[in-house]
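**Q** As a plain string of letters, each chain reads:
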Amino acid sequence: MTVLIVDLIGAAVIALIVWYFWLSKTQGIVAAATSAGIQEIRVAVRGGYSPDTIQVAAGRPVRLVFNRQEADPCSERVVFDAFGVSAELPEGEDVPVEFTPAQPGEYEFACQMGMLRGRIVAT
Amino acid sequence: MPGIPLDIPVDWRVYVGMDATGRREMRHDPVCGMTVSDEALRLDDYPDLGFCSEHCRRAFAADPFAYFTSSDGGLHVEGDAGGPPAGGLLLGGSTDSIHLAVQGMTCASCVSTIERALSDVPGVVDARVNLATEEATVELTPGATDIDQLVAAVTAAGYRAHPATDGGDGDAEQEGRQRLFRTLIHKFWFAAVVSLPVIYFSYPEIFPGVPEKGSVALNVIWGAMAVLTLAVLAWSGSQFFTGAWTALRHRSANMNTLIALGTSAAWLYSAVALVYPGFFPEERLRDVFFDVAAVVTALVVLGAALEIRARARTSEALKKLIGLQARTARVIRDGTEIEIPVENVVMDDVVVVRPGEKIPVDGVVLSGASAVDESMVTGESIPVEKAEGSPVIGATINKTGSFRFRATRVGRDTMLAQIIRMVRDAQGSKAPIQRTVDKVAGYFVPAVIIVAVLTFMVWFTFGPSPTLLYAVITAVTVLVIACPCALGLATPTSLMVGIGKGAEHGILVKSGDALETAHRIDTVVLDKTGTVTRGEPELTDVAAFGRFTEEDVLFLAASAEVGSEHPLGEAIVAGARTRGVDVADSDEFEAIPGHGIVARVGGRRVVLGNLKCLADQGIPAGSAEGVMERLADEGKTAMVLGIDGELGGVIAVADTVKPDSVLAIRRLHDLGLHVFMITGDNPRTAEAIAAQVGIDRVFAEVLPEDKANQVKALQAEGRVVAMVGDGINDAPALAQADVGMAMGTGTDVAMESGDITLVKGSLSGIATAIELSRATIRNVRQNLVGAFGYNTLGIPIAAGLLYPFVGVLLSPMLAGAAMAFSSVTVVSNANRLRRWSPMAPPAGPANPTPIAAAQDTPERQGVTA
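So the sequences go chain by chain: A and B.
Throughout the first sequence, residue numbering follows numbering that gives the first Met the number 0, covering 0 to 122 in sequence.
Throughout the second sequence, residue numbering follows numbering that gives the first Met the number 0, covering 0 to 864 in sequence.
Keep in mind that the hints were calculated from the coordinates and are not lab data.
You may find that some hints are simply not true.
Rough simulated footprint, nothing fancy, chain A against chain B, three-plus residues with beta-carbon under 8 Å [to be verified]:
1. 249-262
2. 415-429
3. 454-468
4. 571-582
5. 658-668
Glycine included, each C-beta is placed from N, C-alpha and C at the ideal position.
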């Protein structure tokens, strides 16, 4: 009986992990456009990217202003593989990263090791 | 307090956005930039804005205008102060910058207080404070104020400041690492010191002197251990828990998640066993393993510290490059020589360089002569002679003489600055091999947690008694042994070292893509002019006929051409001068387009041109015809000389092969590559050059626009093609090729289209680049095999897969040690690449044939009819 209950709980935990990490998606934040027409948003880097999902309009320039608030070398660089841009993020400094997603779609950005991840959702 | 007047260009939409549902507003605190919730503090006059704390709200209320952007879209927040973006523009030559170390800051509002205090000091142009590095950067008009006034201003604001010892940007990063390293080592020592007694008292069966199990004394000791171990988790292991929590909030999981889960599971189980022994029906279940929590924490923290050390070394090459930059320059301003910081050198400044000094910026020599060691930029170890008109590169070292030069490229435009940018960008790029790893890494940690849960279930259901104890231990071991770090580090660390290593040898790789593709290259296509050859015609042969000597022929031909601006004419004049033949003036110079020239030199009438030109002047060509034929076969441009109506001699110029082309092509052959040449020249010239340097196949008379098609055709044959060129006309072919290699001595367009730049402009760089690529990719593969192998073997063993067969179970502490050192191993393996150096080119004398013929001087080679 105990075995059955424990196994059921285990199965439920697995289902929860699958759902939480893989199936559910955060909606994200819309980057606001400046008067110059650049979609700009600040991204804090500390164990992750906040916000980590950013909604933008495709075909218009995007500027993410990163600010790394930790010394952990894992996050010292952010890479936008799809746009071929990357930037070093010195601790505490604002570092703008600019690109233009030409096509609607999802574009990932990540630290160099791919441990911290974020998404640009262009619509 | 007034609201913002409408005519002020204001853009606060930066601070206010909508979430994706469009229902909830998201805000950033305009003072510190933090994301704030709907319930954040507000100011009545600015209902759209939210603040994280009372500090920030007060800071904003005191000076709202400081926090809005102007309509040009530039973001203005703390730590930025509207200044140039980090790593960005160099400031103009009119300000000095001073770095202050500031202590006592607690939050973002302190930053603005200090910035304002500093800005109020007369003479200060701009002040920026970095909270993370505790440093203030002050731009000020030189001489307007001194550092004491700045320190006083900060002190008056209620903080402490002193001049920063060394304020470069690279140092800040290093300081951050150092700080983190020190903290981690302290955390390690604490965990290690706690671990020793914890291990000792955990095994009453093994160690003598430990009170008996079940005794009150041991329970009290175990209680103390529980508290100590909790302290270890709370301090030494704090980054695992905070890291796991932030990751969880971002719906991701990483190494921190695994370690946090593993250690806390071990601790919780032990604590329950200690406090509520009745919870476990069986006596045997009431064991504690606080030692696992303490030892795993100690080892993983140590591993993280060692990894930081090792990773700092992977970027050493870049640091070396940055360190090459000269700090000061001696320039002539208003007729006097003054020493100024190198950032203040502007274009067209006249710079003075003395022996032993570093050349501060790029330029062209105006006067003086010297030999310059350019090895740090080009990888070429032999010093290069410089005279009037020679280009010089910033950061190279002047050896022997003094000279003055005109600055042509300064600041961000210097070759060194461009190299640094290129290396930095490339090190951040990804190699295709990594994309697969990335996909795996994204699923890895949650998958490990699932495996841990499954392990628990299997042991609990089918395992030997006591099932719960086994289930907990195996699940914890699985969590602790899995190492996503090794996987994540495998490719980027090797790439960083590889690309940095390339830069040391004068090979600039633009991306990880290029570096990876380069190891698959099987065919190298060389552009002829400027790549295999020098790209400039040079006098190669002089033959005299009849009563004339070779010297007569050279003297008359050069004198006739002395005013010529035609490259062939210039080559003849230069050739005569280097051979010590004086050149006189000519008059009655007349060019016959397409045929040659006629001129009078010292009363003699000289005709120089092709055979038709000679015939037109009524001079019989005689035996010259055969000589010209032979020279043309050698790929040379031959001209016949008539003197006063007689046949005088034959002169040939040719684009000569670069001295190291033969060796370089031999190295390519040694690497098992096919070497082809492509040129717009006629087949005869092309074949002659190809034969000299040992090229396998020649594509001649290829129009510039067809070069790319030719590359495409080779790719269609299934070849992986590297194209090597230097000109604007090579750019499409460079882009078409799998890897485009541009000569650093060539045009900027070529360098932009290429994937790899060979700074030195020598063909030997091709082989070096390919060798480097092969070595790097080999290293990446070793790392990946290691990391994948470690995880695919380690996790099943930890789960107890071996137990049914050989009765072996892995201790969680051993798993912790294995995990900690797996990533250190990967980084150390990548660091092994730092010892890489290109294979020595094959030794010289075994090369009797072609190049000697082309290089021999006419004096020795003179053809006499």
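**Q** Mind listing which of the numbered hints don't hold for this structure, in increasing order?
**A** Violated: hints 4, 5.
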